[in-house]
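In case you want the letters, here they are:
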Amino acid sequence: MDLNYSEHEENFRSEVRGFLAAELDPALAENVRLGKQLSKQDHEGWHAKLNARGWLAPNWPEEHGGAAWDAVRRHIFEEECALAHAPRVVPFGLSMLGPVLQKFGSPEQQAFWLPRILSGEDWWCQGYSEPGAGSDLASLRTTAERDGDRYIVNGQKTWTTLGQHANMIFCLVRTDRSAKQQEGISFLLIDMNSPGVEVRPIVLLDGSAEVNEVWFRDVGVPVENLVGEENKGWTCAKFLLTHERTNIAGVGFSKAGLEAVKRIARHSRSGGRPLSENPHFAARVAQAEIDLMAMATTSLRIVSRAAAGQAPGVESSMLKVQGTIIRQEINDLARRAAGVYAMPFGSEALDGSNSGLPDPVDAGPVAAQYFNNRKLSIFGGSNEIQRQIIAKSLEGPGQ
Amino acid sequence: MNFDLSQERVMLQDSLRRFLRDRHSPQMQNAAQYPPGYDAGLWSGLAELGVFAALFSEKDGGFGGLGADIAVVFEELGRAGVTAPVTETCILGGGLLSRLGDSNQKELITGIMEGSCQIALAHAEPDGRYDLSFVSARAVPQSDGIVLNGQKSVVVNAQAADFLIISAREDGAADASEGISLFLVPSGADGIVMRDFALVGGGRAAEISIENLLVSEAARLGPAGAAFPVLEEVTAAAITATCAATLGAMISAADLTRDYLATRKQFGRPIGSFQALAHRMADMMIALEQARSAVILAAGHLEASRDVRELHASAAKNLIGRTGRLIAEESIQMHGGIGMTAEYGLGHLARQIVMADHRFGDTDHHLERFIALTAA
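Chains as they are written, first to last, in this note's numbering: chain H, -1 to 397; chain C, 9 to 384.
Since the hints were made in silico from the structure, they are not lab data.
The structure presented is a predicted model; accordingly, all values stated were derived computationally and were not measured.
Errors might be hidden in some of the hints.
Just some of the chain H residues that point at chain C, by a computed CB distance under 7 Å [claimed, not checked]:
#1 133
#2 197
#3 198
#4 269
#5 271
#6 288
#7 342
#8 358
#9 374
Heads up, the beta-carbon is just placed ideally off N, CA and C, and yes, glycines get one too.
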């Protein structure tokens, strides 16, 4: 056992810091720090910089243009990016579809779609959930019927994150209505600009508009956009969900969030002294920090056990549950730390209609972030579903 | 012992519930919807119904004014998701006028009960957090009156208020309880600069700079330098009101969740039939009963001696802070994505519940205060 980073790894960290110092626009980093909604161009610009350096797809193999980093490097990279307030990498193409295509896609599909993910030519979104199919994803009803060399797609997807920016959507669709649940599902790539596709924004309780409903009415999709075999899409779906969960521990976000809590607590004065010196509040922060220290190592242990490019199994569900508990606790601490200055309605500042919101404790829209991040334990398979997966894996005699 | 409401309060509760059912629901509430921060039509309707008069005693021309009246009114307002500034105008403003006002100043109470007068209390300051005795704004007498200077933070209902009640220090250190005075000032007076914004939990507030505001002796509310005990008393009433309104919102959030668990089907059955969710719903109902009791204790001790009153106010604010967070977060979680949308009423209720923790001292503040009060 060696708990220290090797010289190579420390050098890598310096390299990442150097890159961030040179390439990350301070104005963009400030917007990330303040939790402002980023524009499509903000995301695309950051992706392009990472891609130019060869760092956009850390988990992809080199043959597809990935960095093929091991778990430790990915961890260092994510941590440094979060602490520098770099925009998060939009995961739909890179962390979700990319691995699916590499595993299940035809050589032609790989050659066509993967470079376009890296170059930013395509912005992907995820068409999984439906109004009646949330936790019970396999009950989805969007249909794709074969008509010559096309599928005709009808139905509705929901909670489509950043779908307003996307030109492509990967969807789970029902191709065999007579088959039971999972067995009649296929994985289909759909052009959002096709006739019959409609995107409607859903405003969330914090005032943000990052998720959407997507409607399909007689949308024609070429058969070559089927990934894997027809009616075997559930295999792709499960594979993708495991990859989605790996990144969801969010250690880097939690570290940056904890720094923010400490900063706010230094600026908030209570009884003439900074809140950071209040033993009761300090105890809450310390407890979150202790949990986070352990989780960072849990995450590293679990991720490094999986082979490069592969996702861990049931342990990824553990990371998701623990990771979201810690992130949400940190959001709660930030809200508390800001005191009355958590009350101003952040979206007025975010959408530019009221730039003069008071913020003497340098908190940013902490209440909006607290409410927005309630989603963490809901999306990507709710924490109830993750616990169910963990519990299922424990059935039968112990080892 | 008897936990039943009096017949008059049952009637008040019934008529208010019926009125709000027709007139208002959480789905309608949106921070940006009403420019003054509240629905003016609803406000006059509440006045006509006698809701505001129920918050004043007979000597002020009302027909209530006790803790139990506050609990009944605010639970109903909270259930319907109403975030109109009743606490600011009636409990804080009206409470201070009733306890400290001279006969001229008390004339405003009639306007308050009729719904034609709005008040905001400009008391808390940027460096004071939740410390009620922290006042660094200064009041300095000079030949032609008194000059006020200072900063007031997140003054709820400031923009809509006809009058501000401003606290300022005439003597003592910034956090001393002695030396604080209150002044009743028209909100448009020269020397008051407001920066107005919407609040996450509904309504509006403003940052206020007071710059060489000249007021007359007649603007002083009560004796010089002795306002703190009364501020504490009306704050206890405001805490009771906030806790009762939060309890109301918690009841509505739990109701929505219960209905959703019974009707939403996944895996071929109502999700409420899954034990993992059913037990959590049961925990919410237990928390709700605890919250009800905390509100009853705070309301029932509002007319008691200072220490007893404050102890129960702090206990209630702490308990409501904890159980409110549980119910808001669990309600959203058990709803899933739909609970996160602005369109569905739960989102508004959750914001109302959680953001109540940021008013008049949060869960931690009142835990510390409870420790101090019980150690004394």
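Tested hints:
1. A hinted interface residue such as residue 133 (chain H) counts as satisfied when its beta carbon comes closer than 7 Å to some beta carbon of chain C; here the least separation is about 5 Å, so the hint holds.
2. Taking 7 Å as the C-beta contact cut-off toward chain C, the hint placing residue 197 (chain H) at the interface is violated, the least distance being around 16 Å.
3. Hint on residue 198 (chain H) is violated. Least Cβ distance to chain C is approximately 12 Å, over the 7 Å limit.
4. Checking residue 269 (chain H) against chain C: minimum C-beta separation of about 6 Å stays under 7 Å; hint holds.
5. Using the Cβ-Cβ criterion of 7 Å, the hint placing residue 271 (chain H) at the interface with chain C is not satisfied: the shortest such distance is roughly 10 Å.
6. The beta carbon of residue 288 (chain H) comes no nearer than 19 Å to any beta carbon in chain C, farther than 7 Å, and the hint placing it at the interface is violated.
7. Annotation: residue 342 (chain H) was flagged as interfacial toward chain C, and the flag holds, the nearest CB pair being 5 Å apart, inside 7 Å.
8. A least Cβ separation of about 5 Å between residue 358 (chain H) and chain C falls short of the 7 Å threshold, and the interface hint therefore holds.
9. The beta carbon of residue 374 (chain H) comes no nearer than 10 Å to any beta carbon in chain C, farther than 7 Å, and the hint placing it at the interface is violated.
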